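K.L.:
So you can see what is in the structure, the chains are spelled out below.
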Amino acid sequence: MVVTDRSGLFPALVKGLACAMAFSQIATAATLPQDNVDVLYHRYEGGGMVIDGPSVLVRKSAGPQVSVSGQYYVDMVSAASVDVVALASEYTEERTEYTFGVDYLHEDSILSLGYTNSSENDYEANTVYFSASQEFFGGMSTVTLGYARGQDEVGVRGNESFSEDADRQNYQLGLSQVMTRNSLLGVDLEVVTDEGYLENPYRRNRYIDPDAERGFRYQPERYPETRASFSVATRALYYLPYRASIRGEFRYFSDSWGIDAQTFELAYVHALNPRWTLEGRARYYVQDEADFYSDLYAFENSQTHLARDKEMSAFSGTTLGGGVVYEWKQTSLPGVQRLQASLLVDWLDFSYDNFRDVTASGGFLPGEEPLYSFDAFVTRASLILEY
Amino acid sequence: MNHFKVLMAVATVIFITLGAAGCSSIKPWVKPYERDKLADPVMSLSRHGKADAYMHHVYQARESARGSEGGSGGGCGCN
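Keeping their order, the protein sequence lines are chains A and B. So in our numbering, the last one in the first sequence is 387, and the numbering has no gaps at all. So in our numbering, the last one in the second sequence is 79, and the numbering has no gaps at all.
Source of the hints: derived by calculation from the structure; they are not laboratory data. Errors might be hidden in some of the hints.
[To be verified] Mimicking DSS-like on lysine-lysine, the simulated pairs with C-alpha atoms at most 30 Å apart in a straight line are:
#, chain 1, residue 1, chain 2, residue 2
1, B, Lys27, A, Lys60
2, A, Lys329, A, Lys60
3, A, Lys329, B, Lys37
4, A, Lys329, B, Lys31
[Claimed, not checked] Short, incomplete list of chain A residues facing chain B, as computed with Cβ under 8 Å:
#, residue
5, Leu189
6, Tyr239
7, Thr263
8, Asn273
9, Glu311
[Claimed, not checked] A few chain B residues that face chain A, going by a derived Cβ cut-off under 7 Å, partial list only:
#, residue
10, Tyr33
11, Ala39
12, Ala51
13, Val58
14, Ser64
Remember, predicted model here, so these are calculated numbers, not experimental data. Just so you know, even glycine gets a beta-carbon here, dropped at the ideal spot from N, CA and C.
All chains should be modelled from the sequences, with the hints used to inform the complete structure.
P.N.:
This is the structure we're talking about:
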């Protein structure tokens with residue numbers, strides 16, 4: 001079956017691209033992104049974690065065909081999550097990310113190339129990405145092909161001799177389609193492959209040991225050294241009879257570790273007047289557990305792969321969010337063509353089906369602790385200036 | 001893993017459909033001058049720029065699912 005898939009995939013891709021080229025003669029002209037400054041303050045607070053920081057992006061065209069961008073992004077982390085409290089002491093750290101990108105407009109295509117470096121005291125990640133976007137079918141369809149390759153270096157605080165590598169490759173295909181004068185449809189596919197050290201070196205799993213004080217002991221995580229995942233998403237946008245829109249999204253995810261997940265999202269945007277807009281959204285996410293996950297193993301080294309990372313467990317998450325947006329076109333500010341200021345707040349709630357809270361007080365027997373859950377608030381304050 | 005193989009097969013069918021549809025004789029049915037509503041910012045999938053990308057990062061760090069978030073670009077180095 002896999003052989004059949006591969007034999008059909010590449011001819012279809014080649015045929016699709018060839019047709020895209022043929023249609024380019026009737027395509028509307030693709031355009032580069034507008035020059036802009038995008039400033040963001042972000043804050044995540046919940047589950048014992050506080051993560052906040054700034055992000056600044058500057059984009060500037062260099063002639064009619066080239067646009068370059070640079071982004072500086074910071075996560076300042078103060079961590080006392082259930083994993084940290086159970087196994088170690090609270091800590092603070094900082095992650096800094098730089099991204100540089102170039103977009104090149106060639107006839108009806110936009111070619112993009114970029115590089116991202118993410119650095120923290122125990123993790124270094126470098127990613128290069130390339131994408132090609134093509135409008136065709138009278139500008140009603142846009143197809144984007146993307147590829148990214150990441151090389152990560154994993155370390156451990158306080159253990160200078162620990163150094164492991166992880167490589168990642170992303171293959172993306174996106175289609176954006178105008179359906180009617182009032183509606184848009186998008187379909188995205190993405191395959192991600194990983195190879196190397198994929199576990200979190202700080203996390204532990206536990207197994208029953210009647211001789212231990214609490215009836216269990218911890219042992220290191222041990223994940224497979226490869227992972228492949230596939231996701232497909234579809235999203236639809238509809239312009240209502242008044243100036244407002246409704247959006248629906250669905251994503252299906254499956255990976256080689258046995259995790260299946262579904263994401264559902266609904267959003268509504270309502271214009272109060274030409275400048276002020278309100279928006280609201282609801283999102284539901286559900287996944288099942290990895291094949292090798294267990295909250296409590298029967299005995300030490302009971303299987304080849306071991307995981308008790310709660311992101312590998314079965315759980316669901318609900319998000320409710322809202323925001324207010326102020327948009328000013330053709331501003332009277334010197335050099336600024338358009339201004340957009342937004343304040344967005346989201347409430348996230350996660351409930352775990354088979355990850356228990358070992359920090360709960362009450363002297364529970366192993367495996368009888370209450371199931372873990374937590375909620376968090378995410379705040380984003382954004383200012384975009386186009387010039 | 002069986003689900004993974006099934007999904008790869010579905011992907012192949014979609015790719016083939018896309019490839020074939022591109023060469024059909026259907027003409028564009030929404031003219032450029034009929035797209036004023038589609039160009040309204042309330043119809044944008046990425047109206048908030050980097051603030052939208054940040055939410056993908058928030059979810060990727062807490063959920064196993066990844067990919068197909070929409071929008072172009074590559075990995076985020078956010079493991």
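K.L.:
Can Tyr239 of chain A be said to touch chain B, with a Cβ gap under 8 Å?
P.N.:
Since chain B brings a Cβ to about 4 Å from Tyr239 of chain A, closer than 8 Å, the hint holds.
K.L.:
Starting from Lys329 of chain A, check that the Cα of Lys60 of chain A is at most 30 Å away, please.
P.N.:
holds (19 Å)
K.L.:
Under the criterion of a CB-CB separation shorter than 7 Å, is Ala51 of chain B in contact with chain A as hinted?
P.N.:
holds (4 Å)
K.L.:
Using 7 Å as the Cβ threshold, decide whether Val58 of chain B counts as touching chain A.
P.N.:
Constraint on Val58 of chain B satisfied, holds at 6 Å.
K.L.:
Does the interface hint hold: is Thr263 of chain A within less than 8 Å of chain B, judged Cβ to Cβ?
P.N.:
holds (6 Å)
K.L.:
So, as I understand it, the hint says Tyr33 of chain B touches chain A; can you test that by seeing if any CB pair is closer than 7 Å?
P.N.:
violated (10 Å)
K.L.:
CA of Lys27 of chain B to CA of Lys60 of chain A, is that 30 Å or under?
P.N.:
Since the Cα atoms of Lys27 of chain B and Lys60 of chain A sit roughly 36 Å apart, the hinted pair is violated (cutoff 30 Å).
K.L.:
Does Leu189 of chain A hold up as a contact with chain B if the rule is Cβ-Cβ below 8 Å?
P.N.:
With Cβ-Cβ at 6 Å, under 8 Å, it holds.
K.L.:
Take a quick look at whether Lys329 of chain A and Lys37 of chain B sit within 30 Å of each other, Cα to Cα.
P.N.:
holds (16 Å)
K.L.:
Identify whether the interface hint at Ser64 of chain B stands, where standing means a beta carbon of chain A within less than 7 Å of its own.
P.N.:
holds (5 Å)
K.L.:
Given Ala39 of chain B was flagged as interface, is its beta-carbon under 7 Å from a beta-carbon of chain A?
P.N.:
violated (10 Å)
K.L.:
Should the hint that Glu311 of chain A touches chain B count as held when the rule is a Cβ pair under 8 Å?
P.N.:
holds (6 Å)
Going through the hint list in order, the structure does not satisfy hints 1, 8, 10, 11.
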